[in-house]
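Using the sequences and the hints given, assemble the complete structure.
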Amino acid sequence: MTNIPLDEALIEQLIADRIAAREVKDFAKADTIRKQLDAMGLVIIDGKDEATGEFWTTWDPKAVPEDESE
6 MTNIPLDEAL IEQLIADRIA AREVKDFAKA DTIRKQLDAM GLVIIDGKDE
56 ATGEFWTTWD PKAVPEDESE
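Under my numbering, the final residue of the sequence shown carries the number 75; numbering is consecutive throughout.
Some hints could be false.
Claimed, not checked - Using 27 Å as the maximum straight-line C-alpha spacing, the simulated BS3-like pairs for lysine-lysine come out as follows:
# : residue 1 : residue 2
1 : Lys53     : Lys30
2 : Lys67     : Lys40
3 : Lys53     : Lys34
FYI, nobody ran anything at the bench for these hints, they're computed from the structure. All values reported here derive from a predicted model rather than from experimental measurement.
Below you can see the structure in the form of structure tokens.
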């Protein structure tokens, strides 16, 4: 499997767009963006700050299975 460099600015913009879509309850758009990030090889992690109630999102590259990393 080829390692493609990640465009962190694009990823952060897509996540910001997804958060904005979720805030206005445009879940179809949020799901489309999530699928786009998934297709880029990313795991999206959503959470909620218990103290403030604010939602947050972060990401990680998907792990490459060992037999595909060579």
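Original post:
Under the criterion that the straight-line Cα-Cα distance not exceed 27 Å, is the pair Lys53, Lys30 satisfied?
Top reply: holds, 16 Å
Original post:
Going straight from one Cα to the other, do Lys53 and Lys34 come out at no more than 27 Å?
Top reply: Measuring from Cα to Cα gives roughly 20 Å; hence the hint holds.
Original post:
Are Lys67 and Lys40 close enough, with their CA atoms no more than 27 Å apart?
Top reply: Roughly 13 Å separates the two Cα atoms, so the pair holds.
Checked against the numbered hints given earlier, the structure satisfies every one of them.
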